[in-house]
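S.K.: Each chain, letter by letter, is given below.
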Amino acid sequence: MNSNNTPSSSAGGPGSAAADSTAPPTTRNSKRPKYSRFTQQELPACKPILTPKWVISAFMLVTVIFIPIGVASLFASHDVVEIIDRYETDCIPEDSRKDKIAYIQSSGDKTCNRILNVTKHMKHPIYVYYQLDNYYQNHRRYVKSRSDQQLRDRDSENDTSACKPEDKTANGSTIVPCGLIAWSLFNDSYSFSRNNQNLSVNKHGISWKSDRDHKFGKDVFPKNFQSGGLIGGKHLNESIPLSEQEDLIVWMRTAALPTFRKLYGKIEVDLVAGDVINVTLQNNYNTYSFNGKKKLVLSTTSWLGGKNDFLGIAYLTVGGLCFFLAMVFTIIYLVKPRRLGDPSYLSWNRNPGGH
Amino acid sequence: MKRCVYINDDDLSHDIYCDNRISNRKYTVWNFLPKNLWEQFSRFMNQYFLLIACLQLWSLITPVNPASTWGPLILIFAVSATKEAWDDYNRYLSDKKANEKEVWAVRHGVKKHIQAQDIHVGNIVWLRENDEVPCDLVLIGTSDPQGLCYVETAALDGETDLKTRVIPSACMGIDFDLLHKVKGLIECPEPDKDIRRFDANLRLFPPFLDNDVCPITIKNTLLQSCYLRNTEWACGVAVYTGNETKLGMTRGVPEPKLTAVDAMIDKLTGAIFVFQLVVVMVLGVAGNIWKDTEARKLWYVEYPTKGPWYELLVIPLRFELLCSIMIPISIKVSLDLVKGLYAKFIDWDNKMVDQETSTPAHAANTAISEDLGQVEYILTDKTGTLTENQMIFKRCCISGTFYGNEIGDALKDEDLVNAVATRSPDVIHFLTVMAICNTVVPIQRQNGTILYKAQSQDEEALVHAAAGLHMVFVKKNGNVLDINFNASVIQYEVLDTLEFTSDRKRMSVVVKDCQSGKLFLLSKGADEAILPCASTGQQTRTFSEAVEQYSQLGLRTLCLAWRELEEDEYQEWSLMFKEANSALVDRDWRIAEVCQRLEHHLQILGVAAIEDRLQDGVPETIETLRKAGINFWMLTGDKQNTAIQIALSCNFVSPEPKGQLLLINGKTGDEVRQSLERVLLTMRITSSEPKDVAFVIDGWALEIALKHHHKAFMELALLSKTAICCRVTPSQKAQLVELLKSCEYRTLAIGDGGNDVRMIQQAHIGVGISGREGLQAARAADYSIGKFRFLKRLILVHGRYSYNRTAFLSQYSFYKSLLICFIQIFFSLISGVSGTSLFNSVSLMAYNVFYTSVPVLVNVLDKDLSERTVMQHPQILFYCQAGRLLNPSTFAGWFGRSLFHAIVVFVICIHSYAFEKSEMEELSMVVLSGCIWLQAFVVALETNSFTILQHLAIWGNLVAFYVINWIVSALPSSGMYTIMFRLCRQPSYWITMFLIVVAGMGPVLALKYFRYTYRPSKINILRQAERLGGPILSLGNIEPQSRAFEKEVSPLSISQPKSRSPVYEPLLSDSPNAIRRSFGPGAPFDFFQSQSRLSSSYARNCKDN
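These protein sequence lines are chains A and B, in that order.
Counting from 1, one number per residue, gives the positions in the first sequence under full-length UniProt numbering.
Counting from 1, one number per residue, gives the positions in the second sequence under full-length UniProt numbering.
Just so you know, the hints here were simulated from the structure itself, not pulled from any lab data.
A quick note: this is a predicted structure, and the numbers were derived from the prediction, not measured.
The hints are all genuine.
BS3-like, lysine-lysine: derived pairs with alpha carbons at most 30 Å apart:
| # | chain 1 | residue 1 | chain 2 | residue 2 |
| --- | --- | --- | --- | --- |
| 1 | B | K83 | A | K34 |
| 2 | A | K164 | B | K306 |
| 3 | A | K295 | B | K297 |
All chains, please: the whole structure from these sequences, using the hints.
M.R.: Put into structure tokens, the structure is as follows:
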């Protein structure tokens, strides 16, 4: 019924003026903004405030969560068995130690034997890493010196503009893979034996599958690599496509920190406590000119990754601090309670001179 | 320099002045691009970004893709250029409309219809009733036989009454048909902006009359944008055209306004820039040293032994680019966006819609909403701004009987209605004077109602009131007036009109009752002009008391009087009057003198009180805003007394004994100086007292004070929180604004008329009231509102929220940029100081433009306190005024926070992602997600009110971050292919994120909680109270009520001061101690005092900062 009345009353002319002025004149004027909770800034809102109860329980909650996680992380880290062998100095014959650089740059045989003692049972797979210290794979000149197009696609072979100075050989033919990163490929090699029995190292699947499938082409073969006057690192077999050159693929995943480990291979058998492992390594890679360290690392893994106490300790510390804060706040709250929102704290409700 | 105007001369050689084309445009089609680009590039920030963008083109040094800077830069430029172009186009359209208006003008001796823009200097222009004057004209003819015409000058000076203009004596009596043939020469000054002065000479060429030079004054001119009223036609000679008219010269180019917040942001940007330079220098030098000592040993980097000449520059420049994100490019865009939204919120606000006219508030300038929250001084116009500009007859006192005192409306007072019905002679006479002692013209409308056209609104009010009491002024037939009284028609013939002048302050008419043939002199005028003319025997005491009482109520008073004239007396006088009227020398003076001879021995009939009604809510608004620490100055063209009355009635100044008014007056420099010094002395004495001291100054004294005693007046301006300046011109208004601006106060000017335009443009914020005086002010203003009372909401709600939001937004923008930049710097320390970017281009761009902008943009919905709380505690505005939320020290807090968070994120990430996990792309994503997580929690912690949109933006953004990165990680061609999937599968990633959040936010939360609870700011307290519903709300509720009650009674309970004028004498004559004694220690007003103290101390703080 109402809907029938409305049009007639709005057409009522001067008579409806009084009604108009009392009712909001929505019908009269379209200039009037439309009402919505958004435009009126009246959206329902929740306004949390920092009450002592809330804050103290938040800190307590963090404590309760953090301590167990910290303990679990520490246990995980301690479960990891790690054997580290630093060899860069020991693998240089005593008489050559005065001039390590000359030794490493000489072309003689640099074989070196190392003995590793297994102190704890190590379950397979055991990861074999090489660790470099003070090696700046993240240096700007270095990190940019690569051509992803060239690595992926045979047709983009000449896409080497970023690779300088290792883009072309002296006679102008393109280097594949080009750039400083590939050129400086790590070239120490390790072979392991236990009780004079060869321990095989599986070097398949050490790189990321995504890299093998999509970043490094199956039809891209090394070309003119390490053929210049200056030899950087490892040579590549020119008959194997880049997608199967896993050492290169691993190396090309540049490390963000100057200390890093890169996967060399996996040992697929358990090592028992007391085992003595003989390592025969070829010490070829020059870290001597910049005092870099080289380490061989054998490590198991846990759900958190390798051996790293940092997370566990950090969790325990933060958890402890939160507990401390919660306690402090509780004590302050109990000793010196303060009513929230007390209008007497408003200086304009106080006597003059309070400010 | 003189300008010679040859009237009606079609010889083009004389046409050396500009035509009447009005142009407010800034650009033309051709110069738009270069001029606009030049303007944009004159801003430091834009230059900076352009430099960075250019440097990025150099691939040797750029850490990221140049598109990441060029894209946003071009977008920013395009947006602001488009906006400018649109504004200019609108100006062009409005100019075009004015320029193409058709007017009648004489061309080659023929009257023609031409466009307004084609009027040249010297042309004769014809105007008809209600036409707008297209350019400045010297009148040469009107339809009135006496050469008079009426103009409405509201657009020019804001005065709404009709002004009389008269043709120069030389043109008197020229025949209508000959007018367009007139030739002559007008010598006038070069164009200036003084609308009260025009000193020129006119000489008509033969055959027209004499060769004598005839002086021309402003009385003989019609100025541009005035309207011709009550005159059938008029014609005049164009003397100033186009932008050279008085109005055109007055119209200054509005400068772009920069808010205090913007200035602060610019300052902080500058500081960050310096910091950035330092960082770049240090890292650059360190990088070069490291390169020479260490990097040359790194054979795998293959540094050439000898580099190019610019080798030393490469590393510093790389760091410059790396650190360029310290100054967030997004801040400009974000700020423009949110400012646009603030303006929209004002436009949309239903609570600021004027119900009567349905005009919503409008923010024309979208860039300065924050300034609203920082206003310290409000300069307000009176008529039409504080008042309705609608005069209504309210009370009267007829022969000692007060009508309308009880119910506040004499028309409804039964006593008066009865008196009219019983034809009480005094009342009848009173009504007769009301109805016919005026120059009102009644116009019969078709529906039978009568429209009154009056020169002054007072007269209109009186005639309306008389009509309401059955004394209806029906018709004016030449000199015969028809009055319809209780169905019988009485006719009067007007014999003479003794006009109102501001010196005489009264006007009279001599009328003859057509029935009885008796002659009467009817007078009305100000009490001081009428009461001394009372007949000797009459007691005027009751009348002066009535006047006094009405003044206290803020009503305008008029005394009405009459006298019966003897025939002889009149005849004798009439001759003298005619003679005086035709006098050539000192005509005004002689007329006045002659009038005085008739206006004596008047029988005072009574006092009429007219109300220029205050707008609704004006006193409350002023009181609230004053509580908020805003000082008010009233600048009005009106009379001193009226101004003071209005000031009293709208809480502008308190009545005695709380308030005190100090007058500054004087006609000469010395007088003004003395007066000024006296007032200053009083001010200094009373400044320590909780007294509401205001000074009153009129335009003349102000002129002298500003010119000769600038310093003293400055001091006065600093000391005084309230001032009333009356009789000031538009340019003086602007000067006062300028004065306050030079004291580094944030000023807001509010007005409604064309006379306020300059002040509005001059002030930091101009607010126009879209009222009766047209829309000039509203158009020129940054904000237009329908009623004065909306100012409260505009400032306290919109201004305050805008300030708070911008303060957060801008600091947060710097925080997030600094965060990412610090991480880049830390990373460069472990990457051989070579300037490697940890993040890839896409992430960096998305971080600034997307991930961190969206959640913070939703912050425009944040409300720290509810609107109601703010209205109840306007004092909280101090925080905004003093810039407590955005200043170097708060910024230092954010700076510290970003440094802390950068350390937390970086240290945790490089330790948990060490050794075999330290892969570049992975670490980069871990660090980036660490930053994003922290951002989300920082925004959440700083948000005061969560609406659904905020939750969506904050947490949705976090989700969006992962979704986007998953998508990017799914593209085999992207550098970070599979990275995000790998990370999300690692428990260590999530554990790291959790650790970052808690380690980053824990201390922040603890600190905030401690401050919030044990060192709370006023805002915190109010928030807590609001949330917990403590006693504060009830306290707030009671308070305004009690205040309102007090206010209501105050006008009646004023102890009667001795002098009739409500202006109290400067206190200096008394001993200051006496006043102090009169003010008890337990005065209920310490509330106000404490706040004013607070305000000043806050202001100091602000200045110190």
